[in-house]
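Chemist: Between the sequences and the hints, there should be enough to build the whole structure, so can you do that?
2 protein chains.
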Amino acid sequence: MTKVQASEDKDYVQSLVRGLEVIRTFSRYKPRMTLTEVAEQTGMTRATARRFLLTLVREEYAETDGKYFALRPKVLDLGFAYLSSLPIWEVAQPIMRDVVNALHESCSLAVLDGLDIVYVARVPTERVMTIGLSIGSRLPAYCSSMGRTLLAGLPPAELAAYYDRVKIERRTERTVANMVALKDAIETSRRQGWTLVDQELEMGLRSIAAPVKNRRSEVLAALNVSTHEGRTSIETIKTRFLPVLLDAAQRISAALPQ
Amino acid sequence: MTKVQASEDKDYVQSLVRGLEVIRTFSRYKPRMTLTEVAEQTGMTRATARRFLLTLVREEYAETDGKYFALRPKVLDLGFAYLSSLPIWEVAQPIMRDVVNALHESCSLAVLDGLDIVYVARVPTERVMTIGLSIGSRLPAYCSSMGRTLLAGLPPAELAAYYDRVKIERRTERTVANMVALKDAIETSRRQGWTLVDQELEMGLRSIAAPVKNRRSEVLAALNVSTHEGRTSIETIKTRFLPVLLDAAQRISAALPQ
Chain A
1 MTKVQASEDK DYVQSLVRGL EVIRTFSRYK PRMTLTEVAE QTGMTRATAR
51 RFLLTLVREE YAETDGKYFA LRPKVLDLGF AYLSSLPIWE VAQPIMRDVV
101 NALHESCSLA VLDGLDIVYV ARVPTERVMT IGLSIGSRLP AYCSSMGRTL
151 LAGLPPAELA AYYDRVKIER RTERTVANMV ALKDAIETSR RQGWTLVDQE
201 LEMGLRSIAA PVKNRRSEVL AALNVSTHEG RTSIETIKTR FLPVLLDAAQ
251 RISAALPQ
Chain B
1 MTKVQASEDK DYVQSLVRGL EVIRTFSRYK PRMTLTEVAE QTGMTRATAR
51 RFLLTLVREE YAETDGKYFA LRPKVLDLGF AYLSSLPIWE VAQPIMRDVV
101 NALHESCSLA VLDGLDIVYV ARVPTERVMT IGLSIGSRLP AYCSSMGRTL
151 LAGLPPAELA AYYDRVKIER RTERTVANMV ALKDAIETSR RQGWTLVDQE
201 LEMGLRSIAA PVKNRRSEVL AALNVSTHEG RTSIETIKTR FLPVLLDAAQ
251 RISAALPQ
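Protein chains in written order, with the UniProt record's numbering: chain A, 1 to 258; chain B, 1 to 258.
Honestly, the hints are just simulated from the structure, not real lab data. Hints may contain errors.
Same chains, same names: a pair is fine if it fits in one copy or spans any two.
Calculated lysine-lysine pairs in the BS3-like style (CA-CA distance at most 30 angstroms, straight line) [to be verified]:
no. : residue 1 : residue 2
1   : Lys-183   : Lys-238
2   : Lys-213   : Lys-67
3   : Lys-238   : Lys-213
4   : Lys-213   : Lys-167
5   : Lys-213   : Lys-30
6   : Lys-213   : Lys-183
7   : Lys-167   : Lys-183
8   : Lys-10    : Lys-67
9   : Lys-10    : Lys-30
10  : Lys-30    : Lys-167
Modeler: Pasting the structure below:
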């Protein structure tokens, strides 16, 4: 649907969509912006951007010193509404902690959103001394272990729609090179019930993922453990990590509220 | 400002505010709602709630099976915009991990938002086997160590405004009983440069906090370590935890981008 069609539809609240765009415009690289900058970033007129910014300020989602605008912590309530609406969250965290205790590697949980995976939980290992932003982070699905696990769990029509839209970009020399290789890899994931991705996202990074399913065997999320190639061989991942991961994914699946 | 005044103001985009209310209506207790339920929860007409919900669905912030509506992970992008706009985030995490490694207790970072503190980062210790939702969680400022630290850092006019609005509720038998006691406690925090709160939020819970400041000595955030009364005496908190905490808060302050 194009913007023009959308704005003609009486059920479409354009002000909401544009206001959300204003929120999303703020980032690590642009934490504070003037009215002019927000207008430029969003393609709005200054007058329109001003109305949205002042509304966000009045509702305490943003603040201003008269010149610069910045977001306020109330914005977290919006993402918090999503996270706290996931029944998987509370169930998964203690089980993920068990995985980290057993393997001394970070354990993450992600869901699929369009072409990306989005992290919804992460338990870091103490080994990792720097952590980037985790919850809410996005990665392309095709070259991550959780992504392939989630794609393998899609109904055929949705997977076909994904294949139509995805564009493969080789992130490392090991990234799947084309659609044939990707389809093969996803077929393998489905058949095996787990996915090992070796340095396709980033050189040095290895990870293994398994699906979390509901009682109807629909894949709700993917659980993974990631490690470094210099620390853990493929063999160790398969013999030591995989059983722990499969057990944890199954425990989370079984513990989900019905 | 009342709703009526607000809606009459031409700079106020009511559709944005109501749309954000719709997002916030979803929660752990109401992860999936019908149109009727959303209308009831938000006090909107069904027709209005429907327009907002369909807009959120079309923009992929929500999904529906025709009857129930639920949020989608794209909502996390909104909170992510805020978190990633905080320069403190990346600087603080590795230092917080050092604190956890040294003390084997969880370390958190929070900012003030109105009457509440809001968690913006948390590094759990392995000891804690169940973790609730952390980032985005809110607690009343008056009875938490990070809250009192942040209040002690407010300019006098803002602190006076806080005192006008706050309502003290005794969460435990140890919670400050009245405004005189609260003002005393905050004065002590300011004088000491740290805050110890002993079971005022919840029986058994002890925590100690210190301010993170920018170069102009403005308090940007509070850093804390929390423990259990059965595990750690007040004496141990003061002699062993406090130096580690103060050192970490100072390192974060010093490392902040200018």
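Chemist: Between Lys-213 and Lys-67, at a C-alpha cutoff of 30 angstroms, which is it: within one copy, between copies, both, or neither?
Modeler: between (49 angstroms within a copy, 22 angstroms between copies)
Chemist: 30 angstroms Cα cut-off: does Lys-30 pair with Lys-167 within a copy, between copies, both or neither?
Modeler: Classified as within; 28 angstroms inside a copy, 36 angstroms across copies.
Chemist: Check Lys-167 against Lys-183 for me: Cα-Cα at most 30 angstroms, and say if that holds within a copy, between copies, both or neither.
Modeler: within (13 angstroms within a copy, 59 angstroms between copies)
Chemist: For the identical chains here, do Lys-213 and Lys-183 meet the 30 angstroms Cα criterion within one copy, between copies, both, or neither?
Modeler: Answer is within: at 22 angstroms inside a copy they meet the 30 angstroms cutoff, but 52 angstroms across does not.
Chemist: Reference check for the pair Lys-10 and Lys-30, CA-CA at most 30 angstroms: within, between, both, or neither?
Modeler: Classified as between: cross-chain Cα gap 28 angstroms, same-chain 34 angstroms, threshold 30 angstroms.
Chemist: Checking Lys-213 and Lys-167: alpha-carbon separation at most 30 angstroms within a copy, between copies, both or neither?
Modeler: So Lys-213 and Lys-167 pass the 30 angstroms test inside one copy only (27 angstroms; across, 45 angstroms).
Chemist: With identical chains, the pair Lys-238 and Lys-213 could be close in the same copy or across copies; at 30 angstroms between alpha carbons, which is it: within, between, both, or neither?
Modeler: within (21 angstroms within a copy, 47 angstroms between copies)
Chemist: At 30 angstroms max between alpha carbons, let me know whether Lys-183 reaches Lys-238 within a copy, between copies, both or neither.
Modeler: within (22 angstroms within a copy, 59 angstroms between copies)
Chemist: Are the CA atoms of Lys-213 and Lys-30 at most 30 angstroms apart within a copy, between copies, both, or neither?
Modeler: For Lys-213 and Lys-30, only the inter-copy Cα distance (21 angstroms) is at most 30 angstroms; the intra-copy one is 38 angstroms.
Chemist: One pair to classify: Lys-10 and Lys-67, alpha carbons no more than 30 angstroms apart. Within, between, both, or neither?
Modeler: between (35 angstroms within a copy, 20 angstroms between copies)
In summary, the structure agrees with every hint in the numbered list given earlier.
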